[in-house]
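Visitor: The end of the sequence shown is residue 931 by UniProt numbering, with every number in the run present.
Treat each hint with caution, since some may be false.
As the list claims (entries may be wrong) - Across the chosen pairs, the derived CB separations fall in these ranges:
#	residue 1	residue 2	range
1	Arg-822	Glu-566	54 to 64 Å
2	Asp-530	Gln-330	32 to 42 Å
3	Asp-832	Thr-332	29 to 39 Å
4	Asp-177	Val-199	36 to 46 Å
5	Gln-930	Asn-909	29 to 39 Å
6	Val-199	Arg-62	21 to 31 Å
These aren't lab readings, by the way, just hints derived from the structure by calculation.
For each residue, glycine too, the CB sits at the ideal point set by N, CA and C.
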Amino acid sequence: FLVVTLGNKIAQKNALFLNWVSAAELLSVFKQDDWDIYSFHINSTVTGRYATTVMTSRVVNRMTESKEVEFHVQIPKNAFISKFRMLIDGQMYDGIVKTKEQAQQQYTQAVSRGQSAGIVSSVGRTMEEFKTSVTLAAHKKVTFELTYEELLKRTHGKYELQIHARPMQPVKDFKVDVHIHEKAGISFIDVKGGLSTDVLANAITKTRADEQAWVYFYPTVDQQTTCERCGERGLNGDLIVVYDVNRGNGLGDIKTLDGYFVHHFAPSDLPRIPKNVVFVIDRSGSMHGRKMQQTRTALIHILNDLAEDDFFGLLSFDSEISHWRRELVQATSANLEGAKKFARGITDRGATDINAAVLEGARMLNAHPREGSASILILLTDGDPTSGVTNREEIQSNVRQAIAGKFPLYCLGFGFDVNFEFLEKMSLGNNGVARRIYEDSDADLQLKGFYEEVANPLLTDVTMIYVGGTNLTQTNFSQYYNGSEIVVAGEIIDNNIEDFVPEVIAISSKQKVTFSKTNEFVNSSAGIADGLLQRVWAYLTVKQLLEKELLVSGSEKEKVKSEALELSLKYSFVTPLTSMVVTKPQREDIEVLHKPKEGDGPRVESYATPANIPGLANYGRSLIPNSFTHLHVFTSSKTLDGYFVHHFAPSDLPRIPKNVVFVIDRSGSMHGRKMQQYDRVNKKLIDVHDVTSHKSSTISSRMTQSTEIEMTTTPVATKIVIPVPVSHRFIRKAENQPLPLCFDVSKADIFKLLHHPSKALFVNGELDSLTNGGFTKIVIHISADQHIEVDPEGISLQQGQTATRHTGQDLITAGRLTVIMRVKEIDVAVEDVRLVIFIHEKDGNKFLWPVLRQMPSANDTEGLLALKPADYQVHLQQSDGKLKLNDREAPAFRSTATDYSIANPVPMNCWLVGADFALERTLNDYFVAQL
1 FLVVTLGNKI AQKNALFLNW VSAAELLSVF KQDDWDIYSF HINSTVTGRY ATTVMTSRVV
61 NRMTESKEVE FHVQIPKNAF ISKFRMLIDG QMYDGIVKTK EQAQQQYTQA VSRGQSAGIV
121 SSVGRTMEEF KTSVTLAAHK KVTFELTYEE LLKRTHGKYE LQIHARPMQP VKDFKVDVHI
181 HEKAGISFID VKGGLSTDVL ANAITKTRAD EQAWVYFYPT VDQQTTCERC GERGLNGDLI
241 VVYDVNRGNG LGDIKTLDGY FVHHFAPSDL PRIPKNVVFV IDRSGSMHGR KMQQTRTALI
301 HILNDLAEDD FFGLLSFDSE ISHWRRELVQ ATSANLEGAK KFARGITDRG ATDINAAVLE
361 GARMLNAHPR EGSASILILL TDGDPTSGVT NREEIQSNVR QAIAGKFPLY CLGFGFDVNF
421 EFLEKMSLGN NGVARRIYED SDADLQLKGF YEEVANPLLT DVTMIYVGGT NLTQTNFSQY
481 YNGSEIVVAG EIIDNNIEDF VPEVIAISSK QKVTFSKTNE FVNSSAGIAD GLLQRVWAYL
541 TVKQLLEKEL LVSGSEKEKV KSEALELSLK YSFVTPLTSM VVTKPQREDI EVLHKPKEGD
601 GPRVESYATP ANIPGLANYG RSLIPNSFTH LHVFTSSKTL DGYFVHHFAP SDLPRIPKNV
661 VFVIDRSGSM HGRKMQQYDR VNKKLIDVHD VTSHKSSTIS SRMTQSTEIE MTTTPVATKI
721 VIPVPVSHRF IRKAENQPLP LCFDVSKADI FKLLHHPSKA LFVNGELDSL TNGGFTKIVI
781 HISADQHIEV DPEGISLQQG QTATRHTGQD LITAGRLTVI MRVKEIDVAV EDVRLVIFIH
841 EKDGNKFLWP VLRQMPSAND TEGLLALKPA DYQVHLQQSD GKLKLNDREA PAFRSTATDY
901 SIANPVPMNC WLVGADFALE RTLNDYFVAQ L
């Protein structure tokens with residue numbers, strides 16, 4: 001079986017809640033020489049803006065032996081998978097949605113047998129990737145079918161249905177069918193994207209009636225191989241269906257069926273409301289290079305789009321705040337020119353005080369109340385709070401009190417280093433949304449595009465009222481913007497349509513307006529499938545409950561989670577709270593790898609951990625155990641109703657000799673005299689003598705991740721595993737000084753090794769869990785759809801949806817990438833950047849160590865490898881010292897570190913200092929959220 005499960009990082013949108021611009025997928029099954037996709041169908045039905053997409057791939061194994069066939073699909077990030085099944089030899093294998101807890105045992109058993117699990121991960125800006133596989137017997141066929149559902153979101157006055165097709169081979173029976181049915185009437189429909197141009201344009205048929213539209217895409221095999229972005233592997237591109245519906249200024253489009261309703265509200269011919277907007281721009285050091293340049297460009301474009309009746313404010317921040325003006329000013333030509341001059345002069349520097357900056361932006365808006373206007377606060381940042389108030393919960397509370405529900409806060413998170421969950425919580429708690437801005441060549445257009453979504457408010461304080469309705473989704477909205485749409489769903493009490501009265505009350509410009517029941521209120525189920533409105537209601541309800549869960553705590557959080565889970569199970573939605581379990585053919589149990597050896601039984605050893613061992617609960621402070629025993633207890637204690645209680649506490653027993661373990665902190669905060677005293681211990685070692693046994697044991701500060709101590713006495717024996725903090729020591733070379741700097745990192749994390757935005761080159765590395773080890777994995781991103789993943793055993797090259805594995809001594813070329821694999825060294829060249837990755841081995845464990853051999857010519861690089869040699873001065877104080885680096889002073893002491901930047905590592909003397917001092921920035925600035 002497989003388990004399809006989604007990560008619960010709603011904040012990072014790695015689960016199901018990202019902006020919808022897609023309604024299709026990529027099906028790709030590799031090793032096309034071994035099998036054949038003889039049919040590839042995508043069928044998408046859109047009714048009332050709710051899209052249900054069914055993807056069906058039929059594959060045959062034409063070989064004379066069994067082959068593993070992989071099902072590889074991309075789905076929209078905002079979608080819920082609702083069905084997955086496989087048809088093999090006339091037998092249907094259906095997926096069942098269960099709670100994660102219910103699925104966990106089956107999942108664990110599958111992994112222990114080496115079976116594959118379904119994977120859902122983020123791909124690019126709008127899609128998530130799902131993979132699974134099945135072993136197919138010779139000359140047999142398999143049909144994969146995946147269904148997912150999503151409510152299309154209206155932005156910029158249109159809905160978009162994006163189909164990305166790349167089946168990895170030409171398919172004889174390739175079809176995309178899109179059917180749209182909108183009771184309100186379809187105002188226009190268009191088809192764009194890479195698959196709508198060149199010779200493929202002839203494969204598209206588009207038809208529109210009053211309420212319905214059809215789009216067919218049936219390319220021939222020849223067309224699949226001769227189009228602009230096609231080749232031997234067939235199609236590779238997007239087909240985007242764009243449409244909108246007719247709408248007026250009344251109540252909008254309301255559908256009812258089987259006791260449920262869905263209301264789409266989007267009046268258009270309303271006067272624009274002047275706005276008050278404050279832009280809060282992060283200018284901390286991590287924003288340098290292309291991010292800062294693109295931010296300035298986008299900000300200037302946005303300022304050009306302000307209307308003269310708008311008022312605006314602009315401030316930039318690091319650990320301090322810089323105002324263009326301390327109060328809001330009108331968007332006159334003169335003021336806009338002055339603001340653009342200020343924007344052009346924003347440069348990166350310093351730390352990140354988000355708390356003070358957002359509170360100042362809120363103060364500026366609160367100090368400028370203007371009747372008949374709409375206020376908006378927009379924050380752009382790329383990192384975590386590192387200055388001022390850094391506690392995220394405290395910042396959220398401060399911001400919520402300052403805004404007090406008077407206007408929305410929109411948070412734009414630039415890149416993947418940002419803590420997106422923090423930004424989303426802050427936005428959702430203040431009637432706004434968070435949006436990730438991707439580090440790419442069009443980042444300035446992404447910023448401008450977001451602003452255009454909120455540039456023209458038409459209504460404020462929108463309240464949706466439904467007399468006779470119950471179990472409603474969100475009904476209060478701070479603002480409604482031109483080109484968007486408000487959607488509310490709910491139940492109709494006793495399905496009594498006659499007593500169901502919808503009404504919308506809002507503020508338009510300076511007056512209160514009411515939208516009430518008119519002839520636009522359509523009570524008709526024509527063309528709507530049974531149960532569809534109920535599923536729309538469930539979809540919206542689950543989505544909003546999951547967002548609410550981010551904002552609440554305690555018993556309320558559990559209640560919200562329970563409600564979301566119940567609906568997810570009832571409607572078979574794969575959400576962050578559920579998993580889909582699919583039973584595979586029984587023969588899979590035989591053919592999978594890494595199955596446990598026959599006869600393996602439970603261990604008889606007892607392993608204790610600090611949490612449940614007396615004296616080790618606070619093992620960071622005291623590591624002297626009281627007494628440990630491994631007991632086989634035979635009891636004849638009193639029993640009652642099938643239960644027993646046994647008290648065991650003998651006292652008149654001989655004392656058992658003990659071993660004492662010391663765990664030493666070697667992090668950067670231990671620099672100076674504290675570390676000097678410890679280092680002497682490390683060099684000389686210490687014999688710890690037990691006063692009873694007079695037997696000695698030696699301890700070393702350089703322990704592995706878990707140190708195992710076995711104590712043997714008579715008649716009892718215990719084996720204890722004690723976790724020890726991981727520490728890695730890094731070296732920064734020096735300029736005009738004999739000793740380099742060294743510093744410790746006391747946790748395994750993901751490092752920003754080299755970010756080179758102007759070349760779209762990003763290198764990140766994940767530290768291993770070995771003390772004084774190195775990197776377990778390094779990922780090099782060359783473009784949005786190309787990256788290589790390096791581990792000690794080889795390289796995985798990902799190009800779009802094609803993945804290849806390379807081991808041994810290979811030469812790899814792909815576009816501007818060249819990789820030379822040697823025995824203990826991997827050379828990587830990307831244009832003028834050359835990187836060498838050494839493969840070292842220590843105590844039988846292999847790890848990686850990257851070295852930048854050729855620095856990029858552009859000066860917008862950052863990361864650990866981009867550090868230049870440190871130009872410091874030293875004032876000796878015996879073996880201690882005080883170093884000065886760029887007007888900063890810090891204590892240091894002589895120590896040693898292993899230089900892994902060469903093929904044969906050697907120990908070398910160094911000045912041990914704190915990480916923040918050695919890096920000239922906070923260590924957290926060098927960490928990233930994901931590889």
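Visitor: Indicate, hint by hint, whether the structure satisfies it.
Guide: Each hint tested on the structure:
1. Arg-822 to Glu-566: 54 to 64 Å: 56 Å, holds
2. Asp-530 to Gln-330: 32 to 42 Å: 55 Å, violated
3. Asp-832 to Thr-332: 29 to 39 Å: 46 Å, violated
4. Asp-177 to Val-199: 36 to 46 Å: Violated, at about 20 Å.
5. Gln-930 to Asn-909: 29 to 39 Å: About 36 Å separates the Cβ atoms of Gln-930 and Asn-909, which means 29 to 39 Å holds.
6. Val-199 to Arg-62: 21 to 31 Å: 29 Å, holds
Checked against the numbered hints given earlier, the structure breaks hints 2, 3, 4 and satisfies all the rest.
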